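Engineer: Model the placement of chain B on the given structure of chain A, informed by the hints.
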Amino acid sequence: MLYAAVAAGSFRRYATYRIATASGVFTNTVFGFILAYTYIALWTERPHLGGYDLPQALTFVWTGQALLAATGLLIGGGMDELQERIRSGDIAVDLYRPADLQLWWLAADLGRAAFQLLGRGLVPMAVGTLVFPSALPASPVTWLLFLVSVALGVVVGFALRYLVALTSFWLLDGAGVSMVAGLMCLFFSGMVLPLNVFPGGFGEVVRLLPWSSMLQVPADVLLGVHEGVGAARALAFQAGWAVVLLASGRLVQSVATRKVVVQGG
Amino acid sequence: MWALRSRLVEGLRAYGLIVAMWTRSTLAYRTSFLLTALGNFAATGLDFLAIMLMFTHITALGGFSLPEVAFLYGTSGVALGLADLVLGSMDRLGTRVRDGTMDVLLVRPVPVFAQVAADRFALRRLGRILQAAVVLGWSLSRLEVDWTPGKVLLVPLMLLCGAVIFGAVFTIGAAFQFVAQDAAEVQNSFTYGGTTMLQYPPTVFAKDLVRGVTFVVPLAFVNWLPALRLLGRDDPLGLPGWVDFLGPAVAAAMCGLAWLAWRAGLRNYRSTGS
Numbered sequence: 001m002l003y004a005a006v007a008a009g010s011f012r013r014y015a016t017y018r019i020a021t022a023s024g025v026f027t028n029t030v031f032g033f034i035l036a037y038t039y040i041a042l043w044t045e046r047p048h049l050g051g052y053d054l055p056q057a058l059t060f061v062w063t064g065q066a067l068l069a070a071t072g073l074l075i076g077g078g079m080d081e082l083q084e085r086i087r088s089g090d091i092a093v094d095l096y097r098p099a100d101l102q103l104w105w106l107a108a109d110l111g112r113a114a115f116q117l118l119g120r121g122l123v124p125m126a127v128g129t130l131v132f133p134s135a136l137p138a139s140p141v142t143w144l145l146f147l148v149s150v151a152l153g154v155v156v157g158f159a160l161r162y163l164v165a166l167t168s169f170w171l172l173d174g175a176g177v178s179m180v181a182g183l184m185c186l187f188f189s190g191m192v193l194p195l196n197v198f199p200g201g202f203g204e205v206v207r208l209l210p211w212s213s214m215l216q217v218p219a220d221v222l223l224g225v226h227e228g229v230g231a232a233r234a235l236a237f238q239a240g241w242a243v244v245l246l247a248s249g250r251l252v253q254s255v256a257t258r259k260v261v262v263q264g265g
Numbered sequence: 001m002w003a004l005r006s007r008l009v010e011g012l013r014a015y016g017l018i019v020a021m022w023t024r025s026t027l028a029y030r031t032s033f034l035l036t037a038l039g040n041f042a043a044t045g046l047d048f049l050a051i052m053l054m055f056t057h058i059t060a061l062g063g064f065s066l067p068e069v070a071f072l073y074g075t076s077g078v079a080l081g082l083a084d085l086v087l088g089s090m091d092r093l094g095t096r097v098r099d100g101t102m103d104v105l106l107v108r109p110v111p112v113f114a115q116v117a118a119d120r121f122a123l124r125r126l127g128r129i130l131q132a133a134v135v136l137g138w139s140l141s142r143l144e145v146d147w148t149p150g151k152v153l154l155v156p157l158m159l160l161c162g163a164v165i166f167g168a169v170f171t172i173g174a175a176f177q178f179v180a181q182d183a184a185e186v187q188n189s190f191t192y193g194g195t196t197m198l199q200y201p202p203t204v205f206a207k208d209l210v211r212g213v214t215f216v217v218p219l220a221f222v223n224w225l226p227a228l229r230l231l232g233r234d235d236p237l238g239l240p241g242w243v244d245f246l247g248p249a250v251a252a253a254m255c256g257l258a259w260l261a262w263r264a265g266l267r268n269y270r271s272t273g274s
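Protein sequence lines, in the order shown, are assigned to chains A and B. Reminder that position 43 of the first sequence reads as 43 in our numbering, one-by-one numbering, no gaps. Reminder that position 268 of the second sequence reads as 268 in our numbering, one-by-one numbering, no gaps.
In isolation and in its complexed conformation, chain A is listed as follows (with noise of 0.2 Å):
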């Protein structure tokens, strides 16, 4: 009850900033339009790169930036908010609250990713539908298995973001590996590039990443790629992933909160 109530505040706390939003929603829309004309030029050189076709690429484009704020592909590495709290030790208060830290930090991210997948992610996934051939599905059971595979990739994106937050512990200013995490969630999510137009072995690795289930499988579900056992396949490799990256986060926590000592005292 706790938790849900700290994902419904956080949910507000970011439906609050309405200018912020909307010019979140106009930057998502110009960067797809951007992106959808080199990939119009990319898959009219090469069609049926990657296996998709073109609606299907540029549904992908439009994907990418409705999930862009919502799974974290945006915010990238680390969570300003909890580094910042380690590096001035007020984590210190956070540690005797009687809720658990991770928990009540993925139930904030959860709202917060819950309004950014509406407020920012149903203009620029309209707009880029209403200009653009789309490959958009029919079946309300897609639909249904997409945002299932959304809420489990924004779980992975938490769990990675706080894994890095924690290196606050041993390295106090955590920029840097928050600019290297971030980085190469862009990357290996599929944002830069579709993972499918990877070459090779190395396009095989990076599918296998955890990144891959913040934009690669979410918008593979939609496509229609993954059906049937497929989707329940792509749906198990996300919750997998949500597995271990927590219970390592958990870990990480407690070596963290019993050996370092908190800045300042």
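Just so you know, these hints were derived from the structure itself, not from any lab. Since this is a predicted model, take the numbers as computed values, not measurements. Be aware that one or more of the hints could be misleading.
Pair ranges (Cβ atoms, derived) [what the hints assert, rightly or not]:
| # | chain 1 | residue 1 | chain 2 | residue 2 | range |
| --- | --- | --- | --- | --- | --- |
| 1 | A | LEU118 | B | LYS207 | 32 to 38 Å |
| 2 | B | ASP208 | A | SER139 | 30 to 36 Å |
| 3 | B | TRP138 | A | MET1 | 56 to 62 Å |
| 4 | A | THR44 | B | LEU12 | 45 to 51 Å |
| 5 | A | ARG233 | B | ASP208 | 40 to 46 Å |
| 6 | A | ARG233 | B | ARG211 | 43 to 49 Å |
| 7 | A | ALA92 | B | ARG211 | 54 to 60 Å |
| 8 | A | SER139 | B | MET52 | 36 to 42 Å |
| 9 | A | ALA247 | B | ARG30 | 30 to 36 Å |
Far from chain A, by Cβ distances over 10 Å, these chain B residues were calculated [claimed, not checked]:
| # | residue |
| --- | --- |
| 10 | MET1 |
| 11 | LEU27 |
| 12 | ARG120 |
| 13 | LEU126 |
| 14 | VAL216 |
| 15 | PRO248 |
| 16 | ARG263 |
Glycine included, C-beta positions come from ideal geometry on N, C-alpha and C.
Structural biologist: Chain B only, in chain A's frame:
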């Protein structure tokens, strides 16, 4: 005239001092600085890696070869990188207006523009410039262009004018934040979005979009128009040839516009009151 000149000198001196201060403070956390500079280098490098991955499947994009696309990439990257290094921190202005710390800048006997421009000067942005310069160097070694003195001169001129145009966009974006406060992201569309667009040949985009970045937000003058001339390509809009050399004039006009916007923004400033 004298007054203007002395204010300019004063502003530049203040800018230099604040930049030196932030540089010293950045270098205090050396590991973090190296990592973030490297990250900056890699961040833009990934964009180019994506282009290279595209070219593993194709030989030409929009009719342009890889060295030609790399030339567009390098020129727009260096231009934006320079502007970003010098003025990039201006997008923090909205935050300052919101939390009221803008007032502190107003009471100091130093030109406000210099303070805002140098605020949290980020030396790590050298990473982006370096990365784009490497790509540019590689493309220059691969391009088949008959280099004349004029063409050789055109390259640094492009970079300079491009940096000034992007700098003006940063300034106008910051001035806009006096009014909009929370809309820092809008200007990303024109700066980072702009450079992403300029990395690709204009033939890739719809004509209306190309018209927009030529006549409305004149980013086409950063590299597209001079590069088309240099590479001996036709301009998709079919503009007269002399337009390719308008870069300096456009840059100057943008500066004038940015100055007006900045002045209007600053005069409109109301502190957060309570």
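Engineer: Run through the hints listed earlier and report the numbers of any the structure violates, in increasing order.
Structural biologist: Those not satisfied: there are none.
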